[in-house]
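Can you make the complete structure from the sequences, with help from the hints?
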Amino acid sequence: MAAIAVDVEHLVKSFGTVRAVQEVSFAVLHGEIFGLLGSNGAGKTTTIRMILDLIRPDSGRIAVLGGAFTEATKERIGYLPEERGLYRDMKLWDLMLFMGQLKGLSLAAVKERAERYLKQVDLWDARELKAEALSRGMGQKAQFVAAAMHEPDLVIIDEPFSGLDPVNTQVIRELIYTMRARGAAIIMSTHQMHQVEEMCQRILLIDRGQAMLYGELDEVRDRFSTNTVEVQLSGDIGAVPGVVSAERQNGGYRLALGDGTAPEDVLRALVNTPGVQVHRFERLRTSLDDIFVQVVGHRVETGEEEVRP
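The sequence shown begins at 0 in numbering that gives the first Met the number 0 and counts up by one.
I should point out that these hints are in silico values taken from the structure, not numbers from a laboratory. Just to be clear, a hint being listed does not mean it is correct.
[Unchecked claim] Straight-line alpha carbon distances no greater than 30 Å define the calculated BS3-like cross-link-like pairs of lysine-lysine that follow:
1) Lys-118 - Lys-129
2) Lys-110 - Lys-90
3) Lys-102 - Lys-90
4) Lys-73 - Lys-129
5) Lys-73 - Lys-110
6) Lys-118 - Lys-73
7) Lys-73 - Lys-102
8) Lys-90 - Lys-73
9) Lys-90 - Lys-129
10) Lys-118 - Lys-90
11) Lys-118 - Lys-102
12) Lys-129 - Lys-102
13) Lys-129 - Lys-110
See below:
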């Protein structure tokens with residue numbers, strides 16, 4: 000098992016009479032992309048701010064990169080907040096040099112990394128532009144580079160794909176995958192459930208300050224999946240033991256399986272049926288968005304975040 004980068008135990012935080020975070024516990028591992036999910040006001044941003052030591056919990060324990068949060072810890076963290084902001088009058092190149100040195104890099108190291116990262120996100124030719132002249136997508140990529148170029152051990156990114164077209168979304172995804180391969184722990188808070196499904200290994204779903212779902216994404220999806228499979232085949236399907244109903248759909252069949260019937264048993268029966276050739280066999284898995292609805296009771300919302308101090 001990979002080493003723990005962030006360890007949170009029984010975290011509690013209130014603002015007046017509002018309990019923003021209630022007894023939340025979770026761990027984030029090095030070398031994983033961890034999804035932090037929830038609607039507006041769920042407690043995500045408050046949790047992130049406590050991890051970053053920007054606000055203190057009322058009770059509970061947080062260990063970041065092996066211990067209590069210190070000044071040295073800050074240099075090992077990259078943070079991309081949802082509320083973006085660049086110094087509008089500074090040129091992009093000067094911004095990169097400034098931000099890199101703030102994180103403890105030497106000028107030579109900053110120049111090398113800034114050039115490498117700006118080229119990777121297709122911003123090298125824009126390095127002499129002032130921040131105010133950058134498009135929203137360009138500014139988004141610039142801030143991501145500023146958060147990542149010191150190659151931190153922990154990266155916290157809030158809505159990293161906001162304002163990006165599909166091409167630039169893929170560019171940022173590749174950067175995130177590179178950081179994961181380097182062993183960084185990545186906490187990704189986003190409303191884009193399909194990104195979570197494709198990128199995250201484990202998730203925490205918070206609602207009204209409480210942890211509702213926590214664990215391996217595949218296990219969570221299996222827990223909510225219906226016992227239904229889709230199959231495309233040649234030949235007559237006939238009667239298959241354990242299949243309650245067979246509905247024709249998209250040139251194939253959707254099979255509802257009885258309680259206690261494993262999809263593997265149905266596949267084996269089909270493969271062994273004379274005259275039947277199976278071309279595709281897939282268990283239907285409930286989408287993360289639908290799981291969110293089942294647990295929370297409504298679709299995930301976008302917009303402003305929760306109560307803040």
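Structure-based check of all given hints:
{"no.": "1", "hint": "Lys-118 - Lys-129", "verdict": "holds (17 Å)"}
{"no.": "2", "hint": "Lys-110 - Lys-90", "verdict": "holds (14 Å)"}
{"no.": "3", "hint": "Lys-102 - Lys-90", "verdict": "holds (19 Å)"}
{"no.": "4", "hint": "Lys-73 - Lys-129", "verdict": "holds (27 Å)"}
{"no.": "5", "hint": "Lys-73 - Lys-110", "verdict": "holds (21 Å)"}
{"no.": "6", "hint": "Lys-118 - Lys-73", "verdict": "holds (26 Å)"}
{"no.": "7", "hint": "Lys-73 - Lys-102", "verdict": "holds (8 Å)"}
{"no.": "8", "hint": "Lys-90 - Lys-73", "verdict": "holds (25 Å)"}
{"no.": "9", "hint": "Lys-90 - Lys-129", "verdict": "holds (4 Å)"}
{"no.": "10", "hint": "Lys-118 - Lys-90", "verdict": "holds (16 Å)"}
{"no.": "11", "hint": "Lys-118 - Lys-102", "verdict": "holds (21 Å)"}
{"no.": "12", "hint": "Lys-129 - Lys-102", "verdict": "holds (22 Å)"}
{"no.": "13", "hint": "Lys-129 - Lys-110", "verdict": "holds (18 Å)"}
Violation of the numbered hints given earlier is absent; every hint is satisfied by the structure.
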